[in-house]
Amino acid sequence: GEDVEQSLFLSVREGDSSVINCTYTDSSSTYLYWYKQEPGAGLQLLTYIFSNMDMKQDQRLTVLLNKKDKHLSLRIADTQTGDSAIYFCAERKAGGYQKVTFGIGTKLQVIP
Amino acid sequence: EADIYQTPRYLVIGTGKKITLECSQTMGHDKMYWYQQDPGMELHLIHYSYGVNSTEKGDLSSESTVSRIRTEHFPLTLESARPSHTSQYLCASSEGVSPVGEKLFFGSGTQLSVL
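Heads up: the sequence lines are chains C and R, in that order. Here the first sequence stands for residues 3 to 114, where the numbers follow our numbering. Here the second sequence stands for residues 2 to 116, where the numbers follow our numbering.
Check before you lean on any hint, since a few could be wrong.
To be verified - Restricting the straight-line Cα-Cα distance to at most 20 Å, the calculated cross-link-like pairs of lysine to any residue (SDA-like) are:
#1 C:Lys38 to C:Asp71
#2 C:Lys101 to R:Lys18
#3 C:Lys95 to C:Glu16
#4 C:Lys101 to R:His45
#5 C:Lys101 to R:Ser62
#6 C:Lys95 to R:Tyr51
#7 C:Lys95 to R:Ser63
#8 C:Lys69 to C:Ile88
#9 C:Lys101 to R:Gly59
It should be emphasised that the hints constitute simulated quantities derived from the structure, not laboratory data.
Same shape as in the complex, but just chain R (with noise of 0.2 Å):
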């Protein structure tokens, strides 16, 4: 059972306003990820930290920006949404190379329409 938690589930808001969506995790990994995913499409990784204070980019570039100052905390904020930032946002973690290589444990998402 993964521990990992997204809120909001939904969110629908207008053009040009702040968000910030929560990612929070109890097992206590260390490495933590935001991936957007369109219908269709491939997962995109957008974001990544492999600790406290350690924050990358991913492969899809996103106006979107995060921070990691508590291990357990991964939040995503983006300044001033857009329509094309609709989409579904994946959190998720993992305790870091094992037996399996990496084993992702994800949240339920969070689907954003921006009006």
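Here chain C stands alone, though its shape is the one from the complex (with noise of 0.2 Å):
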């Protein structure tokens, strides 16, 4: 079946590095995204990665993948109260019809 699993919550320190992890359960998923909800609007596509891929690092954000144990991680560095989101781990096989699976999302709190 297609499970993304994430935890709930999660609270850092202003200028701290968040870490918000996710596991999933298809292992021919292709395509491994992290998307932000804001407070009050829709989900916007933040980074992906391939599962060809180990690591992706895009300016603060640096996405791992251990394909072995099907687990990809989200390290936000320097976390500022504007990341103060809910974030949300999803797959996706390759494919025209295939859908994307979202997790439950984790609410990442920044304490100034």
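Build the complex: two chains, separate frames, hints provided.
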């Protein structure tokens, strides 16, 4: 089946690093995503990684993929109050008619 | 900047009423989706469409119905709302498969409360 699991809540101090974790069960997942949802807004694609990659870095964001353990993480360096949001892990298999499956979302609270 | 719009933003109605949640996108995307989001729960896909006159039910059973008469418009209708329909409804669209697999653009959502 397709399951994406995340913890519900993470609290960090401003300036620290945040690490949000995700596990997925479908080993055929080809694309893995992190979406961000700010209060009162829809989800926005933050970053993504292909299943044949181990790591992707984009400014303050680092995505790590352990395909053997089906574990995905998002690290936010120098976390700011503006990073407070809900972060959704998502996966998709290859193919034109595959759907994106989302986790429950991790609420990140940044304490000033 | 996503050009996908949902109205109303909030809706409080009584049991038994018929309601339509509107979703429009100006990006010319063929694929459109409706997700249901409850606090602490994953987003559940309830309907999707791959183009005009194409609609499919999603992973989560829903008593709602959808239509896709125009590319840009994908309304969701509940014929008789019940308190169990209280939830956040998110509309999304995508241009299809791209180098990143599929990039979804989301609207801001409609928070529905049925009393």
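Starting from lysine 101 of chain C, check that the Cα of serine 62 of chain R is at most 20 Å away, please. The given pair, whose Cα atoms are some 16 Å apart, holds under the 20 Å limit.
When you check the alpha-carbon spacing of lysine 95 of chain C and tyrosine 51 of chain R, does it fall within 20 Å? Between lysine 95 of chain C and tyrosine 51 of chain R the Cα gap is close to 17 Å, so the pair holds against 20 Å.
Taking 20 Å as the top limit, are the C-alpha atoms of lysine 101 of chain C and histidine 45 of chain R close enough? 11 Å, holds
Given hint isoleucine 88 of chain C paired with lysine 69 of chain C - CA-CA distance at most 20 Å: 24 Å, violated
Has the given pair, lysine 38 of chain C with aspartate 71 of chain C, been kept, meaning a C-alpha gap of at most 20 Å? Not satisfied, since the Cα-Cα distance of roughly 24 Å exceeds 20 Å.
Pair hint outcome, lysine 101 of chain C versus glycine 59 of chain R [Cα-Cα no greater than 20 Å]: With a Cα-Cα distance of about 9 Å, the restraint between lysine 101 of chain C and glycine 59 of chain R holds, given a limit of 20 Å.
Given the hint that lysine 95 of chain C pairs with serine 63 of chain R, test it: the Cα-Cα distance must not exceed 20 Å. 24 Å, violated
Holds or violated: lysine 101 of chain C with lysine 18 of chain R, Cα cutoff 20 Å? Violated. Lysine 101 of chain C to lysine 18 of chain R sits at ~31 Å, over the 20 Å cutoff.
Would you check the hint for lysine 95 of chain C and glutamate 16 of chain C, treating anything up to 20 Å between C-alpha atoms as holding? 36 Å, violated
Of the numbered hints stated above, those contradicted by the structure are hints 1, 2, 3, 7, 8, listed in ascending order.
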